[in-house]
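2 protein chains.
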Amino acid sequence: MTDLDHLIQLLAKLPGLGPRSARRAALFLLKRRESLMQPLAAAMAETAQRVRACSICGNLDTAEPCSLCRDATRDAGLICVVEDIADLWAIERTGAYAGRYHVLGGALSALEGLGPEELHIDALLRRCGEGSVREVILAMNATVEGQTTAHYITDRLAGTGVQVSRLAHGVPVGGELDYLDEGTLSAALAARQVLKRPAT
Amino acid sequence: MTDLDHLIQLLAKLPGLGPRSARRAALFLLKRRESLMQPLAAAMAETAQRVRACSICGNLDTAEPCSLCRDATRDAGLICVVEDIADLWAIERTGAYAGRYHVLGGALSALEGLGPEELHIDALLRRCGEGSVREVILAMNATVEGQTTAHYITDRLAGTGVQVSRLAHGVPVGGELDYLDEGTLSAALAARQVLKRPAT
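Protein sequences, first through last, are from chains A and B. Residue numbering for the first sequence follows my numbering, starting at 1 and increasing by one per position. Residue numbering for the second sequence follows my numbering, starting at 1 and increasing by one per position.
The set of hints was computed from the structure by calculation and includes no laboratory data. Everything hinted at is true.
Which copy is meant is left open, so a pair is good if it fits within one copy or across any two.
Dumping the calculated SDA-like pairs for lysine to any residue here, alpha-carbon to alpha-carbon at most 25 Å:
no., residue 1, residue 2
1, K13, L30
2, K196, V173
3, K13, G105
4, K196, G175
5, K31, G18
6, K196, L177
7, K31, W89
Looking at chain A on its own, in the form it has when it is part of the complex (with noise of 0.2 Å):
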């Protein structure tokens, strides 16, 4: 096998690249040896070398703890608990949140022999009895996983003094109803804002 053999054979690897489309970022990176393909190297190499996960809230980051974590402008005493790093990526670029994070790294599946020793579920457990913490918000996937894991937290959390909240359900901003499941509907129905009470 060629040196070029064994680079596509890697890229294909990837998440969205088969073995066709493989071949065609290898021709494309070694079109753009200079410009693309060395500083990507160079970052894939220094990011696997530098990059860990935060001790305190999991989040990926070349800094120990994370820079999230060290952020004194953001709320220490509001956790939001995630899946997956994908899923504090996801909040994160909404801008809508200045609290800190606890990454779960799954949802409690017996399937997937996901139990609550896999999860970071006691390291959270451990940071809202440090007493700081006055509100964990739960923002796992709205899955039979991710709802059981919340549950599971939620109990766990039961006769303390921090608040637990999830993300509400609802309609999709830009969301059409008609494309709607049902399940969100009427979720969004038993949910519905008041925009005007009654005069008296």
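With chain A fixed as given, assemble chain B onto it according to the hints.
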């Protein structure tokens, strides 16, 4: 910008990856640091440094001349002319060709400002003038640019002892007539192959 953002930005430049899939790919890599991320970074750096365009045919390889040009079992009397290295790879995958190649590096295109000087056409003519070449197979794309290029090369090879051929047009193997464009179907009809001649 963090190291991670920088990595994602570079990944997003690959064909087939957008910002979203680049984030997914970065996370995928970070979760497989030793099994994939470091080997990929090394393969990329290594290939970027060592792969060169073959001075004879223009193929990309770490060897010079490339392994195809050095392969004594391949027929040096046969040159398959392609626009791009991806086309060379496609023909190699068929396993049906055991001659040499010549990569033009594109097709004649007034729009893109590609004239005969920008393509490796002179090098092809030089190879054909060396006396050992019997046939040139033109394997350009079936586009206006590809066909213009084929015509141009055919003209330039007029008067030499070299036979010039092109790939057959016809029904793709496994293709359904109903879905085929008229041009391909007309070409397939005109180039129909006799299965049985009338008894005499």
